[in-house]
Every structure is written in C-alpha cells, then in structure tokens.
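Starting from the structure of chain F, add chains A, P and C where the hints point.
4 protein chains.
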Amino acid sequence: MKKTLNIGLIGYGFMGRTHSNAYRKVSNFFDVPYKPVLKTVCGLDEAQARAFADQWGYESYCTDWRQVIADDTIDVVDICVPNNMHAEIAIAAAQAGKAICCEKPLALNVAEAERMVAAVEKAGVANLVSFNYRRVPAVTLAKQLIDEGRLGRIFHYRANFLQDWTISKDVPQGGMATWRLDAKAAGSGVTGDLLAHCIDTAMWHNGAITSVSAMTETFIKERKNAETGKVEPVGIDDACTFMCRFDNGSLGNFESTRYARGHKALYTFEINGENASIAWDLHDLHRLSYFDHADDSIVRGWRNVHVTDGDMPYMGKWWVPGLQIGYEHSFVHQVADFLEDMAQGKPTSPTFREALATQRVCEAVLTSAKSKSWQTIKQP
Amino acid sequence: MKKTLNIGLIGYGFMGRTHSNAYRKVSNFFDVPYKPVLKTVCGLDEAQARAFADQWGYESYCTDWRQVIADDTIDVVDICVPNNMHAEIAIAAAQAGKAICCEKPLALNVAEAERMVAAVEKAGVANLVSFNYRRVPAVTLAKQLIDEGRLGRIFHYRANFLQDWTISKDVPQGGMATWRLDAKAAGSGVTGDLLAHCIDTAMWHNGAITSVSAMTETFIKERKNAETGKVEPVGIDDACTFMCRFDNGSLGNFESTRYARGHKALYTFEINGENASIAWDLHDLHRLSYFDHADDSIVRGWRNVHVTDGDMPYMGKWWVPGLQIGYEHSFVHQVADFLEDMAQGKPTSPTFREALATQRVCEAVLTSAKSKSWQTIKQP
Amino acid sequence: MKKTLNIGLIGYGFMGRTHSNAYRKVSNFFDVPYKPVLKTVCGLDEAQARAFADQWGYESYCTDWRQVIADDTIDVVDICVPNNMHAEIAIAAAQAGKAICCEKPLALNVAEAERMVAAVEKAGVANLVSFNYRRVPAVTLAKQLIDEGRLGRIFHYRANFLQDWTISKDVPQGGMATWRLDAKAAGSGVTGDLLAHCIDTAMWHNGAITSVSAMTETFIKERKNAETGKVEPVGIDDACTFMCRFDNGSLGNFESTRYARGHKALYTFEINGENASIAWDLHDLHRLSYFDHADDSIVRGWRNVHVTDGDMPYMGKWWVPGLQIGYEHSFVHQVADFLEDMAQGKPTSPTFREALATQRVCEAVLTSAKSKSWQTIKQP
Amino acid sequence: MKKTLNIGLIGYGFMGRTHSNAYRKVSNFFDVPYKPVLKTVCGLDEAQARAFADQWGYESYCTDWRQVIADDTIDVVDICVPNNMHAEIAIAAAQAGKAICCEKPLALNVAEAERMVAAVEKAGVANLVSFNYRRVPAVTLAKQLIDEGRLGRIFHYRANFLQDWTISKDVPQGGMATWRLDAKAAGSGVTGDLLAHCIDTAMWHNGAITSVSAMTETFIKERKNAETGKVEPVGIDDACTFMCRFDNGSLGNFESTRYARGHKALYTFEINGENASIAWDLHDLHRLSYFDHADDSIVRGWRNVHVTDGDMPYMGKWWVPGLQIGYEHSFVHQVADFLEDMAQGKPTSPTFREALATQRVCEAVLTSAKSKSWQTIKQP
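Residue numbers (the working numbering), protein chains in the order written: chain F, 1 to 380; chain A, 1 to 380; chain P, 1 to 380; chain C, 1 to 380.
Hints may be right or wrong, so weigh each one.
Note that identical chains are pooled: a pair holds if it fits in a single copy or bridges any two copies.
Below are the SDA-like pairs computed for lysine to any residue, each with C-alpha atoms no more than 25 Å apart in a straight line [what the hints assert, rightly or not]: (1) Lys3 x Ala51; (2) Lys39 x Asp54; (3) Lys346 x Gly229; (4) Lys317 x Val299; (5) Lys346 x Asn28; (6) Lys221 x Thr210; (7) Lys169 x Pro321; (8) Lys346 x Thr63; (9) Lys143 x Cys62.
No wet-lab data here; the hints were simulated from the structure.
Here chain F stands alone, though its shape is the one from the complex (with noise of 0.2 Å):
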C-alpha cells in the first residue's frame, strides 16, 4: 500500500482547480511513491469553498488559512491564492514542518521571497514554485536538447507572451476575477504574472541573465475597482518589454502585453544556437519546431516534432502516438516529479531559491523600466 500524502489546498480560484486536478490524476497515470488525499481545501467565501470540496472531492475546506496550517494531518500546502499573500502563508507553513507547492510568481519582490528562501531552508521542508511551463513535454524536451549539446554555442533566446484580455477599458480591477489588475494584489502586472514564466524558463534553459534594460507602459490608465466600482487608477504594467545579456554570453529578447489582439495565451520562445535552434508555442504546446544545420542542405528546414512519442519527456504516460495531450497536464507532470523528489529527499526544480532568482530578474526589469537604465543582476 502506497503512502498517502495529505493535501491542503488554500486557494480554490483557476490554479487551485489546475492543482486539484493535478493531484486528483496524478495515480491514475504516473507510478507515483505517495497517493495524493485531498484533504482540505481553504477560502475566503463560505459557500464557494464549499461547493469547490464538493466538486474536487476534497474531505473538509475551511475560510481560514491559519487552520491548515495549524492541521497536523496535513502534508503539503499548496498555496493559490494572489501573490500579495504568498509570503505569509508559504512562511507559517515551513515553519510548521509542511511541504509547500506554491504559485508563481513567488512573492511581490526581492525581499519577500528572501525572507521565505530562508524560511524554507531553515524548515528543511520540501518547497516548489509552480512554474508549470517547464513541464509541457515539449518544453521538458527543449530542455534535454540543450544539455545534449546539440545547439552548441547560443546566440540568442527570444520569448514573448502576448494576450489581449485587457485591452477594453471596460475590464474592472482587483476583486476574485481580476485581481491580476490590482497592483496590491499581484506586485505587477505582466512582468510577474506572464514574464515570470519567460524568465524561469529561459534561465533554465540558458543560465542566468545578468542585465537588462526595460520598457513597460500602462494604455488604459483608470479602471473601475470591481468590489468598490470606483474608478481608481492602474497601478501595473499592461506591457513591458526588456533586453537582456546572459551569462554565457547570450543576447535576449522579452516581451509581454495583454494587448496583443489575437492572442489568447501565446507564450512563445525560440533559441538560435549555433548548430541548431529550437522553437515553441504555447497555443500548440504539444509540437516543438527544431532545424538542425546539420541536414542535408537540400532536404534542411524547421522540423515540426508532435511531441506525442513515448520516448519524450512524460508522454509515454499517457496514450499513443499522435493523441495530445494539453494545458492541465503541466500540473500533473509538476506533481509526479514533486512526490517523486520528496520521496527521494530530493528538491524539485523550481525551488524558492531558483524562483529568487526569477523575482531578482522581474524586480530588475521593473526598476530598469522606471529609472530608463541598464540594470545589472547579481545572483549570489
């Protein structure tokens, strides 16, 4: 008989669901060292956190956060609720011994996401930030390709992540659905919310970035509050795009906007190297373009790769070749290699620590945006 892990979700919004699911499928799929329990799920409203243990399956919920914490049942606490809370709860949860999964972007700056690096360290508690991007198996599958060498010597790392959700003035800010629009809610805008994912990626596929210099810009400068419904004005960036030197000498190119007519969700990146490059796209998330210069001259061209063989990064996990998977698989992909790890006493990538260095990188880009300067990061 497997070992159960007991789950304390606090957050039952749209990544609470994605996590829900993830530990709900994990057994199903994955030969997996512990078997998730949903055991409790926590929320500001009564009804909602109700209804949502009821539709996931989860044993209790409660309004409290304190009290999952204070739960000796509990294993894991797996944090989803807006950034502005994250350092709190992820703090009395290491000191309360839990392993932690918690959302991303870690914390609202610098100096609260050290503050819980040193709280999980000193805990000794498992602790993972869900970037979950990583773990499309096209992404995992770039990953592999980089460290085979195949690229050789990198040029350049390009990523955007353009959506166009925002761009009617008439979207509110702050409240349950668009929190994300509340600077006090989420520390910033596109940069933590879309070019956090950008950056935790492209610094594990292509090591640290060590300067940038960054443009960001607000179009729509008031929007209604939802809960108060005055009009207040727009503390976040509706756009930023940043430069950036890694430190293997590498150039990049970043951009985010939720002004891009035409695109949902289009988290794009491309890597030129100097034998081969490498492509992707989130609205496709299951094929990975890659040219190899190596091909013959007259038969050379950007390979378009289903990544649905059960030879790549998880997928002989699910069906069979040619049947993709999607989105909500990431998460399931993020929690087998969580369980994994801790049985092992292994951490899972990213941690606290590598999500620092990605917050290091966005408070950068944001005060580089502010002051029209080159920013230099030091990662210690």
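For chains A, P and C alone, coordinates are given in the frame of chain F:
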C-alpha cells in the same frame, strides 16, 4: 446528494484507460446528474485486471465478463474489448437491462450490428457507441456551424485518417497490443478502425452516404502472430480509399492507411460549402480552420480558430482562452452528455442504431473494394 | 554571339503572357545557348494582337495562325490557344519543321493526341508540352529526392487541385475569359485543365498509372454563353475524383474541383514512402515538406524546406537564400531547359509522347466516371 | 509612342540585378508613362561590367561612375554600390540634374544623409531610396488596412530580421561578396543592412519613432579580409536589438541578427491594434495574417490571406488568384511607381528625406547601444 451510477468496465486496454479517466474526471468539470462510481473492471488476465483496478480506483475486478452482466449493482456496462466480442457482450448487457457504452466500430459486420440494435431497442436501455471524435470541441463546433447554415449548399466532404505505425514488417498481428492487425479480432483493418470514425463524423455533419466505390490494399502480406509466433497471412486492409456520394448531392473522398510515413494519427476533414468551408485535423485538435466567403475580399482568408474560449462547445468547463485541452477530453464530454441524456431519458448520439448506419457504409466499402464495383447503401 | 531563335506565339491570353515573359527573361538569368527573339504574335482580334505585341515587344502580329506556320523565319511555334485548336496547329507546325511548345492538355482526346505525336515524331521536330509545374523548384526537388531513393518503396500518392472560381452560377461559359467552362473548346472541365497537371507530375514522380475508378459531377447544370448570352447546358465536369493504382504497386487518390470554397489554385501532392514522405502545395510553391524517418525519434518531424538556396534545382540562378520566386518562374525554367535540350538535340520532358500518356489517363478517368466502372490504362 | 527614360546603373552586384530586372520587366506588366532603356552600366571591373551589360542588354558599360553622371543622355542614375559611395555619387548626380534611385541605407551616417537630401532638394530632381519591401503587395496591403482605420489605436509594433549566413567564422569580410561585413564599406552591420528596412516600413506604417534603447553584439570578433587575406577585427554589429516608443504612444520591439540558425532572410512584422492585428513574414511574402476582433467569437481567428487577387495592391497586373509572385516583383512595383510619379511631378516614397529619418533612427540605435542609454530622436 447526487445519485451514483455504477460502472462496470470490460476491457482494460487503451480504451479502458480513456473511459476510466472520463468517468473519474467528469464530475470535476461538468455538472452531471449522476456521480459515476468505478465499480468493477473485467479483463482476461487477473494480475493485469487487479493492477488496473488499483491504478484507476475500481472497487473490484474480475476475469469473466458475464460476472459484470450478472452483477445487479452495475448500472452501466462499458465495452472496451476487441470488436469480435462486442455483440455477445452488448446483447447480454441489454438483456440484463444495463445501459451500454460500446467502443467502435459497433460490430464485426452489419448482421451482428443489427442484432445488437434489436437487443438494446427491445430492452429500452441507454446505448451509445464511442465515436469520441464527435466531441472534440472543434468537431462539435463544425457541426454547429453547419447546422447554423453558414456553409450553404455543400459540395465536398473530404476525410483522411493517416497513420504509419505498421510500416515495418516486424510488427506482429494478434495479441493484446496488436489485435487491430488480426482480421478475426478486428473484422477489418483501417476500414473499421479508422474510416469508421471518419464516416461517423461525416454522416453526422453531412447526412447519409448513398453509394461508394472503394479500393483496399494489404501491403505486407504476412506477419508473425504475436501469440503463436507463426508467420500467417494478413487478413486486414492496410489501406482503404473510397469515393462516395452523399444524399445531399455532395461528393465524398475518404482515405485511410497505416502506411503514410510521417503521420501518427492524422485524422483530417474538410467541408466545402457554397459560402464557407471548414477544415480540421486531429494533430492540432484544438483548432478549427474556417473560411468565410462573406469577408471583405482584401482580408479574406482561412481563419485559424483556437477553440479554447468559453462560448465554444464544452470549453466553458475547462480553463481559460488560449489553454488547450487534449485527446482524452473528448471522452469526458461523451460521458457528460451520456449522463445528462440518461437523466432526461433521451438517446445519446451516436446510438447503436446510428452506428449501424456507419457499419453499413463500412461493409459496402469492403464489398466495393472486393468486387471492384460501386455499391449502393440503403439506410432503411 | 549567340544564335537567335525566333518565336511565333499563337494565342495572347493568360498563357501567352506566361510564355512571353519566359522567353524575354530567360537570358538574363540562365546561360542559354540561344537568344529567343519575340518575332510575332498571332490572335483572333487584331487590336488585341497589336496591343499584346506592343506590350511584350513582339516585332509583328497577325490574326491567322497559318501565317505563323508559313513564316520561314520562325523557329519555334508556341501554342497558347484553347485546347480544341492544339491538334490542327501543332500538326501543321510539325509539317513545317518548326519546334513546338504546346500548352496543356495536349489535345481534346487520345485520338487527336496520337495524331499529334505521330506528326512531331515523323517531322523530327523538338516538341514540348507546357506542364509547367514540373519545373517549380520544389517539385523538381521532389523528383530528385525520389530518384535518389530517399523514399524507399512508395505506398501512396495523393494529389488535389482545388479552386473556387466557378461557384457562382453567374459565371458564364465560352468566350475569351471563360472558354475553360465550354466543353467544345476545352474538351473537359477540371479533368483536362487541372487533373492533367496532377497526373503529369504524378507519373513523372511515381511511374505509370495502370487503372482508375472515377466520379465526376457538374454542380451548376446550365450557364449563360459569354458570347451569345443564351443559357445552355454545361458540358464540362465541375469536379472529378479518382482512385488509381500505379504500376509500382502504390495507391493513388486524386481530386479536382472548382467548388472548393477558400482555395484559389491549391494544387497539392503528397507521397508516402517506406522511409520518407514529401508534400507540396502550389499556394506556397517555394516550400517543400519532407519527413525522414531516419531522424532521431525525439526530433523527428516534417521539415519545412524553404526552397531558395543555390544548391536546389534552378535556384542558383536567381537571388539569395530566403528570397522566393513565384509562379511565372516555372515557365522560365521550362524555356531554359527547352533551349538547352534543343541545342543538344535532346528531347525535353514532357514531350508530346509523354503528354499522350497523360491524355490516356484523363480519357480513362472520364470513361470511368461515365460508366461507373474501373478502367485499365494500357500505355503501349 | 512612349517617351523613353535612359537608365545609368552604377554597381552590378546583387542589387544591380534586381534593379535591371525591374526596368526590363515593368512595361510588360504595368502601363507606365515611360519606356525605360538600359543605357549603361558602370562597375569597377571592366570584364564583369561587360558581361553584365551583355546579360541584361545594356547598350554600353564603363568603369568610372563619373562618366555616367557626365553622360547627357542619362535620365536616371541608379546607385547600387556599397554604402560608403552613396553620398558622393548621389550628390554629383543631383548636381547633374539626374533623377536618382539609391539603394538603402541612404548613407553611412546622418551627416552624409543630410548633405544628400540638401543636394537633391536643391536640384529638384526625383529621388527615391530603394526600401523595396514597402512594395511587396502584402506589406502595401498592411499599410492600406492601417490607413483605413481597421486596427484602431495601435499598441505594439514588433519587427525582426533574422539571418544565419555569417555564423561560420570562415566567412570573410570585405570584397565584392562580403562588403556587408566590412564596417568601412557598410557603415554598420545588421543595423544599416536589415533594421533599416524594418524601421522604414515601421515608420511608414506607424509613424515616427521618438526614442530608442538598443543593444548590439559582435559574436565573431575577427575575420579574414577577403581581399588581403589578413585577419582583422570585425567592426560591424552582428546582432542588434532595440526597444522604442512611437510618437502615437505605441511600443516597438525590433531585432536583427545574422546568427539566428534556421532563418535565411526572415523579415517579420506584427502590428497589434485595438480592433485588429496584422502580421507578415518575408519567407512567405505573398501572405498576410490578419485578425479582426469584430468577427463572431466562435469563428474568430487569424486569417491567412493569400495576397494574389486582382483587387490587392499591384496584383491586378500579374497572374490570376492563387498564383504567387516573388521577391523581385517588389522592385518592379517600385520602378512602376517611380515612373508614374515622375510623369506627374510627384515625389515617390521613400524619398531621400524620408530615408534620412530612418538614418536618424539607425544612428540613435547605434549610439544607444554604445552608450547603454536611451536616445531621443528629433525629426525636424
């Protein structure tokens, strides 16, 4: 409290997994009138049946399908065994008053299929054949666009189902993994396995097929038997192409093969109407191509629709725009509709009777190929 | 100084323009052994013939094609008139000892085509039929890849030629612009106009077609005559689908229509071999899709080859890698090869005799559709 | 009879060929007010100049560009030499009262460019800089769509120009074939060669660029001189990325490199407006991507427009819908417009003055990269 619905699954292969996943997941995403309970799984090998039950959370397992039929607590019998066993099991299940979900193709031939239809209709039990591709949201959307009259008069329906997994002569026939290559178990090759899907979708989209002219080929004439190791003649069609006429005057062109190097499971269709056209392919199942002649001529072109928005079929239940679902979700939708219809006492399409119509076309196709003549199909 | 070669063009329509452009341009890019001189153009309407001569720099014009044949200074007779006039002009030109470039399809029917072949072979004159798509670099590259044996045993050849320009019932038949809809002038509809191209390329790539089963349809049964204004029955095939077998054991699937909403001139082919596959489409004629099963499995996928490099067929003569050529260039290549072969006394493919083989397939296709039976094609 | 216009071409390299082709071809397709006559070609090497004249039908050739300027019969001086010679030749040509077509970028720097503008404006001669990509029909169509207001407020302009031809350290610098790698001849690397195109198109589409922050890199620090064989430091930028702000409040993101493995000449742009977006790439230059938010939500998607219809810019002059043109045609359109405007006494865009604005942005980009600071651009 929702009423439970006890599921008895017969067959723990690839399809057994897709169906189990669907029953487990449906309540988390859809507001279904019943709560499916994974009651028992049945398969030939006891160890495998036990392992499957364990992996998926079935309460029990057995090795004799008659036991499932005899079990009074079972509400739904789900048939995921090779084609040659569909008839016997389904007829017994009908006689026992069970609701039935049967994998496609319905039967080995029209005669069997007719007996199955008679059985379920006599028993008055809910019955459904798992032509799951109808419930890929993009495919359902195509149906909706046709029903809205957006295409106008339809001239052409084109469908292909291309694979490449049997090109090597070392692939055996028969046995658990390759029964689809064994004429005795499968009845036919690509015609029943792949073209049946294309035909089901086509007749749903475009009405009855009235005549066909077909050509089949078996490229590899003999293969080793996976169980006996003996080299035996191959009895199935490796490839099948057919032309047809639809009742509405449009022309059809269908092709399937397992010898199309480079295609894993490329099911495609394209429908050309007077005013608009639609195209889809399974390798990017979350997209639909749409061409509308009414667009301004200077900006007229095929639209690449990312079928991930909440107002598209089934998609309001999943994530947010831009985040794709995958293959397995079509089965979840199938179960959601099955449960909903069952509660309302309505048939769920495609019923056994509708699948019989597809069986008639398949049989006419095989007869045409053998006789090298056009065959007329009479749907009574 | 290069020897000049005097061109007499008969027909100043769309094809007259493509051929004139080719003769004018070829020397600027290719090191051809002759310098083509645009000597005379002939067409029914004097004012239009004069305007055409002026626009393209022909030294003279006339309205009676016999005058071109009778002109001793003319070296090459280029036939760009409707199909029903090919035979008479070509036979006269052959008898007058002229080299001949004739537009496709060669003739109205096999009987005519046989007389034409006899005439040019008896006269020993250079003869070429303008199946220009063979000389789109990507199509030529496909031939090279097949000849190099990269595909191995071929299983499938699939070709479509889809248009949508005759969907409106207001398009007339007959006259200068729409003679292709007039059975008397064109001989057939899509079969001779479009499928002839597909068949020519297919037999060049994949060898002889030995049997066919076809289906044709005329969706709009009557149209106004462009010249008389009278509404008359439509005699051509609006759409034609056929299946076939090749001499090498592979299966063919061909379809053409002018009722495929959304496709302007979408000629596509795909060839599936044991080891590799190739696909191409005219709407992006500068690209070739190539799949090589020998690639490492984790980076295997269709390669999108941008056919613009100097080591690809014909491309060393144009610009630099990345810069595409277009439709008209296929005619320039055709002329370049024609002149080169002429200087060496070699036939240029496809000769009249090769085009006769295509004519036989076209005729078998039309017979099959009429008789609803398989037709065997004997190439003597 | 049309008036003739005598062309004197200076420089017989790659651009000399594209311009010669354009002059030769324009009258066959466009109803231009002048008949261009290829009068003389000038280049350093006499044998090559003679061969070029022969190939293209120039009446004469010479090796001293001053001879072209001094020739009273020459109406248009066409400058296709390396950038460091543009200013001297253009100023002399202006003083001699010649119409001038000059290759891009206009000059080595802003100071030179200003003197050139002063010269042509003082002389009152027709002047045009060959930013040919404006006249790719899809790019021109993009301009038309913007001018029609279809995009609404513009938020983002993104452009890349990616190549990979200098990745090998064995590519030399300097000489006839590789002067673009020689800072003395070219002035800069990708900034002047490639980004100048992007900037020209961007400001045409989206108005003035007002500030920039840039980053450049030289990946290969020294290369052999193609003429002397000596290894020398590389003075050009191999790659350049810049962010910018446009006068209309939109954000720009530009990148160019010759180290993007897998891209031959991939010039792309994307424009995101409030109501619609547009994207284009040079590798499929005959297509335009268009997204219109006003489309019904269930069939909304990027439209892939095949820019080959008669009602699209320039396309009424070429073939029929579905048949693409290529790279070289942009130069034909440029000449067609130049001749038409000349006859009407109107300037042809981009004039020297407009190209000076582009030069200012290029210079600011290079200054920004050097100083690691934002630069403001003042267009007087």
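Intra- versus inter-subunit Cα pairing at 25 Å for Lys39 with Asp54 = both (12 Å within a copy, 20 Å between copies)
Lys143 and Cys62: within-copy, between-copy, both or neither at 25 Å Cα | This pair counts as neither: shortest intra-copy Cα distance 40 Å, inter-copy 44 Å.
At 25 Å max between alpha carbons, let me know whether Lys346 reaches Gly229 within a copy, between copies, both or neither.
-> neither (48 Å within a copy, 45 Å between copies)
Pop the pair Lys3 and Ala51 into one bin, within, between, both or neither, using alpha-carbon distances up to 25 Å.
-> Close across copies (17 Å), not inside one copy (28 Å); limit 25 Å.
How do Lys169 and Pro321 come out at 25 Å by Cα distance, when the copy is not named: within, between, both, or neither?
-> between (44 Å within a copy, 19 Å between copies)
Up to 25 Å between alpha-carbons, please classify Lys346 paired with Asn28: within, between, both or neither.
-> within (23 Å within a copy, 32 Å between copies)
With 25 Å as the alpha-carbon cut-off, assign the pair Lys317 and Val299 to within, between, both or neither.
-> between (33 Å within a copy, 19 Å between copies)
Go through the copies and call it for Lys346 and Thr63: within, between, both or neither, with a Cα cutoff of 25 Å.
-> neither (32 Å within a copy, 41 Å between copies)
Is the C-alpha distance from Lys221 to Thr210 at most 25 Å within one copy, between copies, in both cases, or in neither?
-> between (32 Å within a copy, 21 Å between copies)
Hint check: violations occur at hints 3, 8 and 9; the rest are consistent with the structure.
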